[in-house]
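Participant: Quick note, the sequences are listed as chains U and P, same order. Here the first sequence stands for residues 1 to 230, where the numbers follow our numbering. Here the second sequence stands for residues 1 to 199, where the numbers follow our numbering.
Each hint should be verified, as a subset may be incorrect.
To be verified - If you want a taste of the chain U side facing chain P, the calculated C-beta under 8 angstroms gives, among others: (1) Y39; (2) I67; (3) E71; (4) K142; (5) L146; (6) P147; (7) Y177; (8) I185; (9) N189; (10) F208; (11) E213.
These aren't lab readings, by the way, just hints derived from the structure by calculation. Built from N, CA and C at the ideal position, the CB exists for glycine as well.
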Amino acid sequence: MIKQEDKFNLNSIGLQNFSLNNHQNLNDWINQKYLSLNYIKKLQIKFKLAQPYSFLELPNFFKKEKIKLIEQAILTINFEKKETDLFSFYQTIDLVSVKDNVLRTFHQFISSNEFVSYLHLLSGLKLKPKVIDMSGTKYLAKNYLLPHDDKLEGRALAYFLYLSNLNIKDGGKLDLYGKNKDRKIAVINSIIPRKNTFAFFQVSNNSFHQVEEVVSNKERLAISGWFHHA
Amino acid sequence: MLKQNFLDNSEINKYYFNKSYLNKAYLNKDNLLNIEHQLKISKSIILFSILGDHLLKLFQKEIAQLEYTPEFKLSFYSRKKARTNLFIKTICKSILKNYFKKEIKTINIYKFGWKDYTLLNDKIKSPKCLEAIFVFSKENWHENDGGNIVYVDVTGMETVIPITNNSLILKEKENGEKRYLKYVNSWAKHKNIVLIECI
Numbered sequence: 001m002i003k004q005e006d007k008f009n010l011n012s013i014g015l016q017n018f019s020l021n022n023h024q025n026l027n028d029w030i031n032q033k034y035l036s037l038n039y040i041k042k043l044q045i046k047f048k049l050a051q052p053y054s055f056l057e058l059p060n061f062f063k064k065e066k067i068k069l070i071e072q073a074i075l076t077i078n079f080e081k082k083e084t085d086l087f088s089f090y091q092t093i094d095l096v097s098v099k100d101n102v103l104r105t106f107h108q109f110i111s112s113n114e115f116v117s118y119l120h121l122l123s124g125l126k127l128k129p130k131v132i133d134m135s136g137t138k139y140l141a142k143n144y145l146l147p148h149d150d151k152l153e154g155r156a157l158a159y160f161l162y163l164s165n166l167n168i169k170d171g172g173k174l175d176l177y178g179k180n181k182d183r184k185i186a187v188i189n190s191i192i193p194r195k196n197t198f199a200f201f202q203v204s205n206n207s208f209h210q211v212e213e214v215v216s217n218k219e220r221l222a223i224s225g226w227f228h229h230a
Numbered sequence: 001m002l003k004q005n006f007l008d009n010s011e012i013n014k015y016y017f018n019k020s021y022l023n024k025a026y027l028n029k030d031n032l033l034n035i036e037h038q039l040k041i042s043k044s045i046i047l048f049s050i051l052g053d054h055l056l057k058l059f060q061k062e063i064a065q066l067e068y069t070p071e072f073k074l075s076f077y078s079r080k081k082a083r084t085n086l087f088i089k090t091i092c093k094s095i096l097k098n099y100f101k102k103e104i105k106t107i108n109i110y111k112f113g114w115k116d117y118t119l120l121n122d123k124i125k126s127p128k129c130l131e132a133i134f135v136f137s138k139e140n141w142h143e144n145d146g147g148n149i150v151y152v153d154v155t156g157m158e159t160v161i162p163i164t165n166n167s168l169i170l171k172e173k174e175n176g177e178k179r180y181l182k183y184v185n186s187w188a189k190h191k192n193i194v195l196i197e198c199i
C-alpha cells in the first residue's frame, strides 16, 4: 500500500511536459518500454519506495546494438589494478578522456541534458548535466569492494551499466545495506549483474553498499560513475 | 597437565620461563639486543616461530576453545572477537615484559576468516606506541588468501606484513599511523587467522 505522502508529485518534476517527440536521443539509445509515461510513473514510485534506500534496477535498458558496441569498445581500453584497504579491482581512466568514438558518444549521451532530465524524472533529483564521472570497472576472481557509502561532496546519484552476466554463485553482486527487522545492519537488497542492466541509487549518508567478492572465473565488467547535484 | 585455574601468574611464569618455552633463539641476549636494534631502525620486526612446540600446542588449544562472537561495523570491520583468558593473558604479558620491555594495557583476541577484514578509518585514534601482535593460523596460510596486516603512516607509506603462524609482530607506531587487515578472500576457504593484539 503506497501512502499518500510517499506518492510523487509528478507535476512538480515536470512529467506533464515530458514528450517523447522532443527526445530523439532517448529514443535512439533507450528501449521503448522505459520511455512510456505510464512505466515512468511506476518507476518513480519504485525508486521512492525502494529499500533500504532509493534505487532502481532497469534490465535490458539500452538498445541491443548500442550495448554491443559499448562492450566491444570498453574492452579496447586499458584497465589498471586498483588496490586499497577498501577494494581490489581493475579500472579505466575517466572515459571523458578516451579517444574511442563509441565511448565518447556514450559519455556525451549519458551526460546530455536529455538523459539527465530523464533521470530527474525517475528520481526527482536535480542533476547537473555535462559534468559526470564515468569509468570502466573490471572485477576478476577474488576482486571486491567493501561496504562504503560513496558520500562525497556533490555526488547525487551513483550509476552502473553492467556489461557481463553473472549468476548468484559467481559472486560480484551489488549488496545494499540497511537495517533489518531486528534493527541490525544487514544486506537488505542486491543487484546481480546482468548485461545491459542500468542501475542507480541515491547517494546519502545511508547509502552503504558493497560489491561482493567474485568467486568464479567470470569477469564482472561494468561502466559506472556518479551524477552530481545541480 | 597444567590447569590454569590452579596457577597464579607467578607460577605460570616460573613454569614456562624456567623451561625455556620460548624459541631458544629469542632467549639469547645478543639476539634480543639485535632485535631491539632492528626495531629501532626499521620500526617493525617479525619474530618467526616465537613459541616453542609445547607452548604453541597449548596456545593453539586455548585459542580453539575460546568463544568467538561475530562483530560487524560498517566502515570499520568484519571479524570475530573473543574474551581473553588468564593463560593467554599471562603468557603474552610475560613474554612482552621480560623480553621486549613492553607493558601491556589491553589484550584483544580476533579471529578472521573468509569475508573478514578491517578498514582504515579516521575515527580510530592511533597514538604513538609499541604494538605487539601474536599471529596464529593452524592451517598453512598463503599470501593469496588475503589477510595481510598493513600499516599505513601519515604520508600513505605502507608496511605490509604477511601472515605467518606462531609469529610475533613488533611495530613502533608513529602518531597517526594506522593498521588494517586485508580482506580474507574465498581462497582461504575454511582457514582462519587469530591475532592477539597487545597494546
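Participant: The structure should be examined with respect to each hint, and the outcome stated for every one.
Facilitator: These are the hints, each one checked on the structure:
Because the smallest distance between the Cβ of Y39/U and any Cβ of chain P comes to about 34 angstroms, over 8 angstroms, the interface hint for this residue is violated. Because the beta carbon of I67/U sits about 30 angstroms from the nearest beta carbon in chain P, more than 8 angstroms, this interface hint is broken. Below 8 angstroms, beta-carbon pairs count as interface contacts, and E71/U has none with chain P, the closest being about 27 angstroms; its hint is therefore violated. Residue-level restraint check for K142/U holds (minimum Cβ-Cβ distance to chain P is 5 angstroms; threshold 8 angstroms).
Taken as an interface hint, L146/U checks out: its beta carbon lies about 6 angstroms from the nearest beta carbon of chain P, inside 8 angstroms. Evaluation of the P147/U hint against chain P yields a held restraint, the C-beta minimum of about 5 angstroms falling below 8 angstroms. At its closest, the beta carbon of Y177/U sits 6 angstroms from a beta carbon of chain P; the interface hint therefore holds under the 8 angstroms criterion. Look at I185/U: its Cβ gets to within about 6 angstroms of chain P, closer than 8 angstroms, so that hint holds up.
Taking 8 angstroms as the C-beta contact cut-off toward chain P, the hint placing N189/U at the interface is violated, the least distance being around 15 angstroms. About 5 angstroms separates the beta-carbon of F208/U from the nearest beta-carbon of chain P, less than 8 angstroms, and the hint is met. Evaluation of the E213/U hint against chain P yields a held restraint, the C-beta minimum of about 6 angstroms falling below 8 angstroms.
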